[in-house]
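Make the full structure from the sequences, and use the hints.
Protein chains in written order, with our numbering: chain A, 3 to 425; chain B, 20 to 202.
FYI, nobody ran anything at the bench for these hints, they're computed from the structure.
Note that the coordinates shown come from a computational prediction; the quantities given were computed from them, not determined experimentally.
Be careful, since some hints might not be right.
Simulated crosslink set (DSS-like; lysine-lysine; CA at most 25 Å straight-line) [claimed, not checked]: (1) A/269 - A/305; (2) A/178 - B/76; (3) A/273 - A/303; (4) A/269 - A/302; (5) A/302 - B/66; (6) B/66 - B/76.
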Amino acid sequence: MNPVDAFSVGIAPQHVPALVAACLLPVLVFGVRRLRAPGAHTRRDLGYFSGPGAPTSSKIAGVGAVRLWAAWLLGIAAAVHLALPLGHYDGPLLTIAFLGSGAAYAWLAVRALEGRSWRLLAAVLLIGTLISYLVVAGSGGEEPDQVGIATALVELAALGLCLVPGREPGRPRRFKRFAGSTATVFVTFVVGTTIWIGSFLAHAATDTDASAAPDGGVGAMGHTGDHAEEHDHAARAQAGVIMRPIADHHPTLAQQQAADRLAAATKAAMKNYAILDAAIGAGYEVPNPGTGTDVHMDNKKFKNDGRVLDPQRPETLVYAIEGGRATLLGVVFVMERAGRAGPEPGGPITRWHAHNICLTLLPPGFGIVTPFGTCPALSVNVTSPEMMHVWIIDNPSGAFAEGLDDTWVRAYHAEHGRPYSRR
Amino acid sequence: MPVEHGGAADVVYVLCLMQAAFLLLGGLGEVLLMGGNPAYLVLPVAKMVLLFVFAAKVVSGRRWALVALIVVQGITLVGFWLQFGAGFLPWVDFTVNLVGLITNVAVPAAVVYLCATMLVPRPSAGEQILYGLPVPQDPYAPAPMVTTATVPQLAVPFAPRLVVPTAVVPSAILTTEAACESG
Numbered sequence: 003m004n005p006v007d008a009f010s011v012g013i014a015p016q017h018v019p020a021l022v023a024a025c026l027l028p029v030l031v032f033g034v035r036r037l038r039a040p041g042a043h044t045r046r047d048l049g050y051f052s053g054p055g056a057p058t059s060s061k062i063a064g065v066g067a068v069r070l071w072a073a074w075l076l077g078i079a080a081a082v083h084l085a086l087p088l089g090h091y092d093g094p095l096l097t098i099a100f101l102g103s104g105a106a107y108a109w110l111a112v113r114a115l116e117g118r119s120w121r122l123l124a125a126v127l128l129i130g131t132l133i134s135y136l137v138v139a140g141s142g143g144e145e146p147d148q149v150g151i152a153t154a155l156v157e158l159a160a161l162g163l164c165l166v167p168g169r170e171p172g173r174p175r176r177f178k179r180f181a182g183s184t185a186t187v188f189v190t191f192v193v194g195t196t197i198w199i200g201s202f203l204a205h206a207a208t209d210t211d212a213s214a215a216p217d218g219g220v221g222a223m224g225h226t227g228d229h230a231e232e233h234d235h236a237a238r239a240q241a242g243v244i245m246r247p248i249a250d251h252h253p254t255l256a257q258q259q260a261a262d263r264l265a266a267a268t269k270a271a272m273k274n275y276a277i278l279d280a281a282i283g284a285g286y287e288v289p290n291p292g293t294g295t296d297v298h299m300d301n302k303k304f305k306n307d308g309r310v311l312d313p314q315r316p317e318t319l320v321y322a323i324e325g326g327r328a329t330l331l332g333v334v335f336v337m338e339r340a341g342r343a344g345p346e347p348g349g350p351i352t353r354w355h356a357h358n359i360c361l362t363l364l365p366p367g368f369g370i371v372t373p374f375g376t377c378p379a380l381s382v383n384v385t386s387p388e389m390m391h392v393w394i395i396d397n398p399s400g401a402f403a404e405g406l407d408d409t410w411v412r413a414y415h416a417e418h419g420r421p422y423s424r425r
Numbered sequence: 020m021p022v023e024h025g026g027a028a029d030v031v032y033v034l035c036l037m038q039a040a041f042l043l044l045g046g047l048g049e050v051l052l053m054g055g056n057p058a059y060l061v062l063p064v065a066k067m068v069l070l071f072v073f074a075a076k077v078v079s080g081r082r083w084a085l086v087a088l089i090v091v092q093g094i095t096l097v098g099f100w101l102q103f104g105a106g107f108l109p110w111v112d113f114t115v116n117l118v119g120l121i122t123n124v125a126v127p128a129a130v131v132y133l134c135a136t137m138l139v140p141r142p143s144a145g146e147q148i149l150y151g152l153p154v155p156q157d158p159y160a161p162a163p164m165v166t167t168a169t170v171p172q173l174a175v176p177f178a179p180r181l182v183v184p185t186a187v188v189p190s191a192i193l194t195t196e197a198a199c200e201s202g
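Structure (structure tokens):
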């Protein structure tokens with residue numbers, strides 16, 4: 003995926019006007035300042051270097067860095083909220099709410115800039131907005147996209163400036179600063195966690211939609227063809243999963259037949275590996291820990307054999323291994339080179355995905371990149387080569403679903419698990 | 020180093036708090052993925068504490084904390100570009116997105132900029148004259164010499180202020196006025 007595609011893949015189309023508005027805000031501010039009286043406010047006027055040398059004639063002279071930053075952050079939030087209805091029309095009530103909060107943010111930004119009280123009102127508005135966003139995102143109502151998360155970040159920074167009182171000579175205000183600091187970290191953590199959960203819920207919803215076909219045929223293949231919007235959600239780069247956007251969400255008959263053929267060929271070929279020992283004998287390696295409901299076993303030889311989407315030589319097998327028994331659930335086809343797009347014989351049905359992960363060295367391990375795009379300390383953020391699951395069992399989510407329901411897998415494994423001897 | 024109330028140090032402090040929260044989130048995410056092993060929390064928590072201490076010391080006006088924060092944020096910035104470079108390797112890719120740019124580039128760059136602004140001493144009055152900047156005025160400095168004096172006003176509302184040359188003002192009046200101002 004080229005960098006431009008990768009950058010835009012996480013931005014919901016309906017949020018593009020809000021992003022543009024936020025980017026245009028500095029231009030607007032610059033224009034307004036130019037239109038005002040000559041010799042009016044410069045950066046020095048805005049108090050960035052406020053001190054004895056700063057001019058004191060203007061109304062906003064002497065504004066500290068906190069107020070200046072707060073004004074910018076609230077201004078960005080205002081621009082985003084005012085522009086949201088342009089691409090995000092969800093009824094008059096929500097439109098009024100967006101416009102109202104946008105106007106309130108703009109008003110508070112001006113108050114902060116002019117040196118008037120702003121903290122309390124801004125804190126109330128910011129907390130209200132964040133809670134509203136989290137309720138929508140956490141309930142799966144809307145998948146958090148890059149613009150939504152970036153706006154939440156801006157609001158969190160502004161909230162931090164509201165909550166942490168400035169230190170003054172002779173007034174350390176230790177308790178207030180401690181409480182404000184703790185609240186800032188806590189709120190940021192909670193917002194991040196909720197966005198994370200919302201992202202996973204949205205992905206799970208995609209799978210559920212895909213499996214909700216009225217007839218067993220197409221639904222079993224993981225695509226109903228009736229949920230273009232839901233599948234659009236899957237194209238967004240949150241929750242550590244990156245999927246290329248697709249032009250048409252509705253597969254053609256030929257694509258459906260090609261996907262059916264691929265699933266059938268894979269299922270037939272994998273009969274050889276129904277017993278875990280056979281897979282180990284073929285070069286698949288059991289990872290550590292080697293138990294669970296989605297144990298991924300890689301075959302290094304097949305990963306570098308130059309063959310793509312070969313049902314006879316899948317790069318990874320997925321087993322449920324518990325209680326001394328193993329059940330082959332499916333395979334993962336993996337591209338040899340990262341950043342290279344995999345072939346999609348089934349069109350929108352056979353979609354590839356990549357994982358955005360954090361690799362840590364101390365101790366060795368990996369995690370998922372947070373919704374804020376960060377990794378733990380001393381870790382490296384990498385995106386894996388594209389991969390595609392093909393499930394060989396008749397799971398409710400279809401053959402090409404991103405994942406399986408854990409409870410369903412346990413029940414299936416209890417019924418179909420086969421004993422193995424080697425580890 | 021004097022710290023200005025509501026100044027750049029407080030902004031740096033809040034940005035560092037947010038970075039600490041990001042670290043905590045990333046660390047806990049990794050712990051969950053690695054089977055609940057708390058060893059994966061050691062480094063994130065250590066960096067969190069480090070960030071918090073540096074940020075608090077910046078607010079207290081310690082120059083070394085400014086330097087330390089610049090170094091830490093510089094490492095973060097360099098790390099981002101190293102990852103970007105690593106993305107050109109065949110085995111891995113690197114995804115650049117809006118939020119990642121904000122948290123991994125914009126925020127560290129802002130902290131570095133703010134710390135550098137506080138670290139660089141403000142220009143002296145002589146330098147300000149040299150570079151055409153306004154000269155700071157000491158509000159408690161003696162008033163400059165004047166060639167005119169203001170005659171003390173009578174208690175008449177809206178009476179115009181009368182300015183007369185010093186030469187014509189009797190010295191007794193000037194002395195009285197000076198006594199009033201000092202007293």
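#### Entry: Unmet hints by their number, sorted upward, for this structure
Failing hint: just 5.
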